[in-house]
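Could you build the full structure based on these sequences and the hints that come with them?
What follows is each chain in one-letter form.
There are 2 protein chains.
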Amino acid sequence: MSKDEEILEELSEFFKAFSHPVRLKIIINLMEGPQCVKNLGETLDMSQPSISQHLSILRNKGIVGCRREGSLICYYIKDPRVKKLYNLLIKEELSWQEKS
Amino acid sequence: MSKDEEILEELSEFFKAFSHPVRLKIIINLMEGPQCVKNLGETLDMSQPSISQHLSILRNKGIVGCRREGSLICYYIKDPRVKKLYNLLIKEELSWQEKS
DNA sequence: TGATTATATTTTGATATAATAATAACCTAA
DNA sequence: TTAGGTTATTATTATATCAAAATATAATCA
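Chains as they are written, first to last, in the numbering used here: chain A, 1 to 100; chain B, 1001 to 1100.
There may be inaccurate statements among the hints.
Stated by the list, open to error - Straight-line Cα separation of at most 20 Å, DMTMM-like style, residue types lysine to aspartate or glutamate; simulated pairs:
(1) A:Lys84 / A:Glu5
(2) A:Lys25 / B:Glu1005
(3) A:Lys16 / B:Asp1045
(4) B:Lys1061 / B:Glu1092
(5) A:Lys84 / B:Glu1092
(6) A:Lys78 / B:Glu1006
(7) B:Lys1084 / B:Glu1069
(8) B:Lys1084 / A:Glu13
(9) B:Lys1091 / A:Asp79
(10) A:Lys3 / B:Glu1005
(11) A:Lys16 / B:Glu1013
(12) A:Lys91 / B:Glu1010
(13) A:Lys16 / B:Glu1010
(14) B:Lys1084 / A:Asp79
(15) B:Lys1025 / B:Glu1013
(16) B:Lys1016 / A:Glu32
(17) A:Lys61 / A:Asp4
(18) B:Lys1016 / B:Asp1079
(19) A:Lys3 / B:Asp1045
(20) B:Lys1061 / A:Asp79
(21) B:Lys1025 / A:Glu32
(22) A:Lys91 / B:Glu1013
(23) A:Lys78 / B:Glu1005
(24) A:Lys25 / B:Asp1045
(25) A:Lys78 / A:Glu10
(26) B:Lys1091 / A:Asp4
(27) A:Lys83 / B:Asp1045
Honestly, the hints are just simulated from the structure, not real lab data. Note that this is a predicted model, so its numbers are computed, not measured.
If you want it as structure tokens, here you go:
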């Protein structure tokens, strides 16, 4: 596979991370700051395994990172492109977010 | 479904359009200007039905539009978010594109 | 150590998406 | 009207994704 093909593969994988409403929710929440899985689950009102599965997808793509903090595992946005994308296209669509 | 849920659904569908390398290629080509299906097929070296299927996906999401021009059908970028996204995240990753 | 809380992984079944081949539809020109 | 070139649709099969349930792992605390 050529260099350009690889780039397109990687880019499409990046966008695939954003192509599910639950993952979008997770990403939007993490944009406000690092969160542990438990908090995410409570905020989004979803089952723990479901949250965990989507987090592992985001982790495998390098979109988010995580660190253990005692008994909790704290997730945070890792890929710098996320912030760009959030500011450019996502933030302004969200009615519950103030535009700054 | 709440308003916010709908927004997230729509956004995730938008990103899904970019989550396949062939669709990315098509979009990148169309960013340089409108193109007929035949040209796209030759440029991307892909089967006509495959191109046509991906174009119909992009069409259904409102990402691209098309018009007939004689015996050809000409596709063009329709969703204004595409240009933003292209300039922000895609252009700079492509080695064959000059950065402006 | 055992119990509890927090998180991850695996499995299963349902659904969606993909590639390919075959066919249909549409336009133009002879 | 027929032929040739262009595009779309359909059907099929393979693969990927999804949600949900069950189970496993890891840390903390009694």
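Status of the hints after comparison with the structure:
1. Restraint check: the Cα-Cα separation between A:Lys84 and A:Glu5 comes to about 23 Å, which exceeds 20 Å; the hinted pair is violated.
2. A threshold of 20 Å between alpha carbons decides the hint, and for A:Lys25 with B:Glu1005 the separation of about 9 Å falls inside it, so the pair holds.
3. Restraint check for A:Lys16 and B:Asp1045: not satisfied, since their Cα atoms lie roughly 24 Å apart, outside the 20 Å limit.
4. Our distance criterion of 20 Å between C-alpha atoms is broken by B:Lys1061 and B:Glu1092, whose separation comes to about 25 Å.
5. Among the hinted pairs, A:Lys84 with B:Glu1092 is consistent with the structure: their alpha-carbon atoms are about 13 Å apart, no more than 20 Å.
6. Distance restraint check for A:Lys78 and B:Glu1006: the Cα-Cα separation of roughly 27 Å exceeds the 20 Å cut-off, and the hinted pair is therefore not satisfied.
7. Proximity of B:Lys1084 to B:Glu1069 is assessed by CA-CA distance (about 28 Å); at most 20 Å being required, the pair is judged violated.
8. A threshold of 20 Å between alpha carbons decides the hint, and for B:Lys1084 with A:Glu13 the separation of about 19 Å falls inside it, so the pair holds.
9. In summary, the hint linking B:Lys1091 to A:Asp79 is supported, as the alpha carbons are separated by about 17 Å, within the 20 Å threshold.
10. Taking the CA atoms of A:Lys3 and B:Glu1005, the gap is about 38 Å. The hint is violated against a cut of 20 Å.
11. At most 20 Å may separate the alpha-carbon atoms for a hinted pair to count; A:Lys16 and B:Glu1013 meet this at roughly 10 Å.
12. Distance restraint check for A:Lys91 and B:Glu1010: the Cα-Cα separation of roughly 14 Å lies within the 20 Å cut-off, and the hinted pair is therefore satisfied.
13. Between A:Lys16 and B:Glu1010, the direct Cα distance comes to roughly 14 Å. Compliance with the 20 Å bound is thereby established for this hinted pair.
14. Between B:Lys1084 and A:Asp79, the direct Cα distance comes to roughly 19 Å. Compliance with the 20 Å bound is thereby established for this hinted pair.
15. Between B:Lys1025 and B:Glu1013 the CA atoms are separated by roughly 18 Å; this keeps the pair inside 20 Å, and the hint holds.
16. The suggested pairing of B:Lys1016 with A:Glu32 is violated, with an alpha-carbon distance near 24 Å, which exceeds 20 Å.
17. Note on A:Lys61 and A:Asp4: the hinted pairing holds, with a Cα-Cα distance of about 19 Å set against a maximum of 20 Å.
18. In summary, the hint linking B:Lys1016 to B:Asp1079 is supported, as the alpha carbons are separated by about 14 Å, within the 20 Å threshold.
19. Straight-line distance between C-alpha atoms of A:Lys3 and B:Asp1045 comes to about 17 Å, which keeps the hinted pair within the 20 Å bound.
20. Of the pairs offered as hints, the one joining B:Lys1061 and A:Asp79 is violated, with about 27 Å between alpha carbons and a cut-off of 20 Å exceeded.
21. With a C-alpha separation of about 33 Å, the suggested pairing of B:Lys1025 with A:Glu32 is violated against the 20 Å cut-off.
22. With a C-alpha separation of about 16 Å, the suggested pairing of A:Lys91 with B:Glu1013 holds against the 20 Å cut-off.
23. A threshold of 20 Å between alpha carbons decides the hint, and for A:Lys78 with B:Glu1005 the separation of about 25 Å lies outside it, so the pair is violated.
24. For the hint pairing A:Lys25 with B:Asp1045, the CA-to-CA distance comes to about 37 Å; that exceeds 20 Å, so the pair is violated.
25. Annotation: proposed proximity of A:Lys78 to A:Glu10 holds, straight-line Cα distance about 16 Å (limit 20 Å).
26. At most 20 Å may separate the alpha-carbon atoms for a hinted pair to count; B:Lys1091 and A:Asp4 meet this at roughly 12 Å.
27. Under the criterion of a C-alpha separation no larger than 20 Å, the hint pairing A:Lys83 with B:Asp1045 is inconsistent with the structure, at around 35 Å.
Consistency note: the structure conflicts with the earlier hints numbered 1, 3, 4, 6, 7, 10, 16, 20, 21, 23, 24, 27.
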